[in-house]
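Engineer: Here the structure of chain A is known, so what remains is to put chain B in place on it, guided by the hints.
Protein sequence lines correspond, in order, to chains A and B.
Quick note: the first sequence uses the numbering used here, first residue 1, plus one each step.
Quick note: the second sequence uses the numbering used here, first residue 1, plus one each step.
A portion of the hints provided could be inaccurate.
[Unchecked claim] Straight-line distance between alpha carbons at most 27 Å, and here's what the computed DSSO-like set of lysine-lysine pairs gives:
1) K135/B - K81/A
2) K70/A - K189/B
3) K70/A - K183/B
It is worth saying that the hints were derived from the structure and are not from the lab.
Just so we're clear, the structure is a prediction, and the values are computed from it rather than from any experiment.
In case you want the letters, here they are:
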Amino acid sequence: MSRDAEEISQHTIAVIVDNEAGVLARVIGLFSGRGYNIESLTVAEVDHQSALSRITIVTSGTAMIIEQIKNQLRRLVPIHKVSDLTTDGPYVARELALIKVAGTGEKRVEALRIGDIFRASVVDTTSESFVFEVVGATEKVEAFIDLMVPLGLVEVSRTGVAAIARGQNPA
Amino acid sequence: MAQETLTGSEILLKALVDQGVEVIFGYPGGAVLPIYDELFKQNRLRHILVRHEQAAVHAAEGYARSTGKVGCVLVTSGPGATNTVTGLVDALMDSIPLVCISGQVPTHLIGNDAFQEADITGITRPCTKHNYLVKDTANLAHTIHEAFHVARSGRPGPVLVDLPKDVIQNKSAYQGPAPLKSKYQPQIKGDMKAIEKAVEIIAQAKRPIFYVGGGVINSGPAACQLLTQFVRMTGYPITLTLMGLGAYPASDKQYLGMLGMHGTYEANLAMHDCDVMINIGARFDDRVTGRLAAFSPKSTKIHIDVDPSSVNKNVLADLSVIGDAAHVLESMITVWRARQAKPDAHALKEWWTHIDLWRARDCLAYAKSDSIIKPQYAIERLFELTKGRDTYISTEVGQHQMWAAQYYRFDKPNHWLTSGGLGTMGYGLPAAMGAQVAHPDALVVDISGESSVQMNIQEMATLCQYRLPVKVFILNNQYMGMVRQWQELMYDSRYSESEMFVHPDFVKLADAYGALGLRVDKAQDLDGAIKEMIDTPGPVIMDIRIDPKENCFPMIMPGAAHNEMVLGPNDQAAGIAGIEEDGMVLI
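Same shape as in the complex, but just chain A (with noise of 0.2 Å):
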């Protein structure tokens, strides 16, 4: 069988499970306990009435390690589906980051306009210190607060990487 086993690249999964306690720290227990990275998690409730969360995991590993990852979840008794995003056909991936950045003078007048191309709102102010909140992909959000480090960056909250499969069906 031809795979090459050696090559490692990044996975978005989708993971539906019961809103019940302990199911997160199966997911996670599951990644700890069989050596898994994680590089990306986020979840919440998505469906009220049926009681379902959305976990979305960013990994990386081998073709094997991979489905290794997505069938040892699917073991799970709580989990209603696994979908890997990444090789199911398009999808979009969001975060959102909150950034504090300090500073006066030019630097603040920079920040600010840095912001604007990307498309950064302000939510608090003050008068010596910004926070942006920024929405999009990892790559973007990286790019921002990179930028920011020069111009007096304080802190940041990320929410992680929020993902769903382009077109009418579910992932």
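Structural biologist: Then chain B, alone, in the frame of chain A:
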């Protein structure tokens, strides 16, 4: 009319009865007193009072393995629950269906560090197939029914249900087992296209081998019969894993013996040289594959398993069929017949000629002795003197376990109980106890070592209390034999802490518990002692003083490949090939 309400304890016992439970292995304590009070008032469920909760789980495993039913355990909160952890992991690794009911402090005290509180659902999350904390009596019945469904469906495994004390005291209506609404519905029937493709590959094979594991035994006696039928239709050789022993009759000429680290020369070389490997219900465990990079390099691999996560975990399969072994085998036989498949007779004859040459090496031969008892001889004699009976064999873990696997020959499934995946010393005595509870009239023997048996020796009292006539067959070499063997082979015979200089007098120990103790140290006395053991109506401890320096061969050294076996002391003396630095890091 409003439905009658029951207490949680009543609901629990009713649900257990409805799930077909007959025996519970357990140990009481504060948090489960309401359940024990309810047990006292009824006579449909039998309770076996063990002496340690770990043994309760192993006993339930022995019960489950020897019957195919779900084993049931009842323990209290805190230490009662934490003591089950080793047994639960053992059952998880070997896919044994169990339901373990644990007590818990009342819901309002959870998280308060209350007396005998432990977060057992947190602790056992990676130790079980699934676990539940029931917080409302109204959910209790459904949870118990689902727990049994999860334990026995698909790839079986242990399920723990944690019951806070108020949940078992409060009242609710009872809910019967059917219809059970559970989203846990593993795939049982194999994909027909994949099965047809598999049969096509199998039929065209020139050097085929069946490599079969415990999954076929878990699937049930029907799967074992279908396997035997299919293997005989093809005329192909078959090897079994440690967990699979008994799935195919060991007395059959197509059987090559067990494979793996201490498997036979012919089985391992056939695995290495085959062109088509048909794996049914085995998981390419590291004890089977040896060095992965050199594992069966020329073969097309077909993997049939009920658990998709077993496929492509260690070894890439060229074709996989997800489904229950019995269903898939039945379909394969149908397709084989419909195609009127005829294997290549010439190629097959050549393949068997190769195999017969390997067989002629007689890899299980050992230096016989008239005086000192060789462990292999002890197992051979036990087999000869018990083979006409319905005999169940359990083992502890170590050299004696491998000798038992090599020299005791199983023709039927469910008669071999051993801790394969986890390798739990102390497994055999309680597992034998569970098998004896299930089969009161059968001969049940725990083949044991003097070190392993001491890990759950307290269960001798349970055996005597319930008059369970288990025979404890100790191959006593005064060492942790397998540890000593590895130290001899890989650590220049530095026997670091592998010798216990003090052991109990096992004959007196048997006597102290109220069992019969026998000791034998001469080969000529062995048969008489085994017969006396068999004829004794109660439990027996038999202390067999064996050659303390005997090693377990053949052996694939850690990091070596199937075609780099060490066959015996002569190979050992000639210097062992295959142990390299990267092999040493493997355990």
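Engineer: Give a verdict on every hint.
Structural biologist: Okay, the hints, checked on the actual structure:
1. K135/B - K81/A: 26 Å, holds
2. K70/A - K189/B: 21 Å, holds
3. K70/A - K183/B: 18 Å, holds
Of the hints listed earlier, there is not a single one the structure fails to meet.
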